[in-house]
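Asker: So the sequences go chain by chain: A and B.
Sequential numbering from 356 applies to the first sequence in the numbering used here.
Sequential numbering from 5 applies to the second sequence in the numbering used here.
Treat the hints with caution; some may be incorrect.
Stated by the list, open to error - Residues of chain B clear of chain A, computed beta-carbon distances all greater than 12 Å: (1) SER19; (2) SER22; (3) LEU48; (4) LYS68; (5) THR84; (6) GLU105.
Said to hold, decoys possible - Okay, the calculated bits of chain B under chain A, using three or more residues with CB under 8 Å as the criterion: (7) 33 to 47; (8) 89 to 97.
Calculated directly from the structure, the hints in this document are not laboratory data.
The beta carbon of each residue, even a glycine, is placed where N, CA and C say it ideally should be.
These are the residues of each chain, in order.
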Amino acid sequence: AQSVSQHNHHVILSEAASLELGCNYSYGGTVNLFWYVQYPGQHLQLLLKYFSGDPLVKGIKGFEAEFIKSKFSFNLRKPSVQWSDTAEYFCASANSGYALNFGKGTSLLVTP
Amino acid sequence: GAVVSQHPSWVICKSGTSVKIECRSLDFQATTMFWYRQFPKQSLMLMATSNEGSKATYEQGVEKDKFLINHASLTLSTLTVTSAHPEDSSFYICSASYSAEAFFGQGTRLTVV
C-alpha cells in the first residue's frame, strides 16, 4: 500500500531562517503529491501539489517543493519563514481519485 | 475556492449513544466525499469514501456497522458513530474534491465520556 513518511515531527526556527521539511513516498508508480498546512483552529489548506511536469512546484505563501523521483522525495521549502508560518504541515499522496494518504505531520514553530 | 463545512465542530456524548456528523459542500456538488480520522499526534487516516446514491467504501479495519455513512445528496454526507465508546474519541475530518483539489472541513472533535 502507498504510504508517506515525514522525517521531522517538530521544527523550531527563528524568523527569516530557511525551511526544509522532508517527505518520502513509497509507491513507485504514478503518484500525485501534496503539501497541506493547518493553522491553529483552521481547515487544512492546500499549499501546493504535483501531478506531472516540472518537478519544482511553486505554491502559495512563498512555499515550493521539489519532486525527486530517484529519491522518492517531495520536500517542502521556504527560503525565509515568518512567525505566521507557525502551523502543522502534512505531506500527502494519492494514486487515484482524491483519497489521500497523509504523513504524520510536522509541527513548525517560528519564533520572533 | 470551494468550501466544505462540517457540523458540529465539537461534541461530547455519553458512552453508548450515537453521534451524527455532517459534511456539506457549500458552493459545489460532490459525488464523492471522504472521511478521515486523526488521533492525537498522529496522521489523518482515511476511514471511508462516501459515494452519492450508493454505499460507502470502507478502508480495511474500519467497522461499517459502527461508522454509518450516508451520502443522500450531492452536497451532504453524514457520518454516524453508533454506540460510541471512549476509544472512538478522536478528530474526524471530511473532504470533497472540486476542480482537481481536495477541500477539507474544519473537523469535528468527538469526546465520548
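Asker: Indicate, hint by hint, whether the structure satisfies it.
Answerer: Structure-based check of each hint:
1. SER19: holds, 28 Å
2. SER22: holds, 25 Å
3. LEU48: violated, 4 Å
4. LYS68: LYS68(B) clear of chain A: closest Cβ-Cβ about 16 Å, beyond 12 Å.
5. THR84: Fine: 20 Å to the nearest Cβ keeps THR84(B) off the interface.
6. GLU105: violated, 6 Å
7. 33 to 47: holds (count 6)
8. 89 to 97: Answer violated; 1 residues pass the 8 Å Cβ test.
When held up to the earlier numbered hints, the structure conflicts with 3, 6 and 8 and fits the remainder.
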